[in-house]
Amino acid sequence: MKRFISIILLVNVFLLTIVKIGYCSDWNQLGADIDGEAFDDRSGWFVSLSSDGSIIAIGAPYNDGNGTYSGHVRVYKNVSGTWTQIGQDIDGEAANDLSGRSVCLSADGSIVAIGANQNNGNGTYSGHVRIYKWNGSSWNQQGADIDGEAASDYSGWLVSLSADGSVVAIGAHFNDGINGEDSGHVRVYKNVSNTWTQVGSDIDGEAAYDSSGYSVSLNSDGAIVAIGAYANDGVNGSNSGHVRVYKNVSGTWTQMGQDIDGEAERDYSGQSVSISADGSIVAVGADVEVGSYSGHVKVYKWNGSSWNQLGNNIVGEAANDFSGRSVSLSADGSIVAIGALGNDGVNGSNSGHVRIYKWNGSSWNQLGADIDGEAADDNSGHSVSLSANGLILAIGAPYNDGINGSNSGHVRVFEIEINKFPWPMFLPAITINTQH
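So the number in the working numbering is just where the residue sits in the sequence shown, counting from 1, plus 35.
Honestly, I wouldn't trust all of these hints.
[What the hints assert, rightly or not] Once the Cα atoms are required to be at most 27 angstroms apart in a straight line, the calculated BS3-like pairs of lysine-lysine come out as:
1) Lys282 x Lys336
2) Lys282 x Lys225
3) Lys225 x Lys168
4) Lys168 x Lys112
[To be verified] Label-pair restraints from in silico Cβ distances:
5) Gly383 x Gln233: 42 to 52 angstroms
6) Gly292 x Gly440: 42 to 52 angstroms
7) Asn229 x Glu452: 37 to 47 angstroms
Think of the hints as simulated: they come from the structure by calculation, not from any bench.
Idealized CB from N, CA, C, for every residue including glycine.
Throw the hints in and build the complete structure from the sequences for me.
Dropping the structure here:
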């Protein structure tokens, strides 16, 4: 007699189940486009998010609110999925100030620093910075204007705030300093009883034409600052660029470790820079990368005595992408957003795109798909800003035509959705034939 016994080996949770966990991530737009006010405003030239990603400051340096190219900043809050302006436009002081060329929010979004690099307060194009605080109904200036040192300094080209908004770092990349013409410098100020008081001495560029202060980034407590000098000649050739990181040690700005030099001649390393909350990780953009203009970003970690690269270069997708023109790190430095304003993407020449990468302990892996600009010549990715956890991202596209005219500009905010779902994968049924 034959007996056929079919045994289905089902998988139990302890020993026999084989479960594959799949991860799917997507960047989804939060709310509608935040469009510039008028033709040629170039809104989105610079953007800054609060730490939780619910508040955004947007610079439109070519707005005409207080005269041609006086510039303005608008601050918006995400109210139930709608970006709603908070308070009044913060207008530049005078025509041609380019106020909003740089902006930075405090962690809670209640304080905003605004750079107007062509203000004439201390001579033609000396530049200035103004800091405003939200009082529940309007934006009110804190303290006096922080004026550039001299004519043609372009002070306010870049600004960076500490998390609580009490410390501000200001780049003046055309300052002549003690080291020659356009060597550049950075000054750091602290709000002491509503007076902006300089902390330590000027942090001067190394040599003439370095353009030190072209990019700056403060850590959360304002004690560490990273400074980009994209035109420095370093050890690797003309305009290879470098970044220096300084720590406030008893009122003296003391360099931490070695210069972080660009890789090759005309890399323009230091075009952008972003530092983690604790000051131990720094991302450096070199948007030219001679020969191709694809650009790249390098991320470094402090080991107590020197800066060491984390993983490989994060290289732009194609020639002429200018990847690394903008960078932004999450608070812990594990996620980096990179703008490539010249990328052609799927939407036309120079539409631009942003890529986001996450560190897995040994390499940088792209998180989600490319976020492409809306249309040709938008230059999307001109500016980027991440929330503290790295899961919300603001992207400026200052040459977008929006609904308000050519080059009115727009900003889009995205949130990543990471889905984790299991697919049980069972062993096939096994038929055991037994014959007696």
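* Which of the listed hints are broken here? -> none
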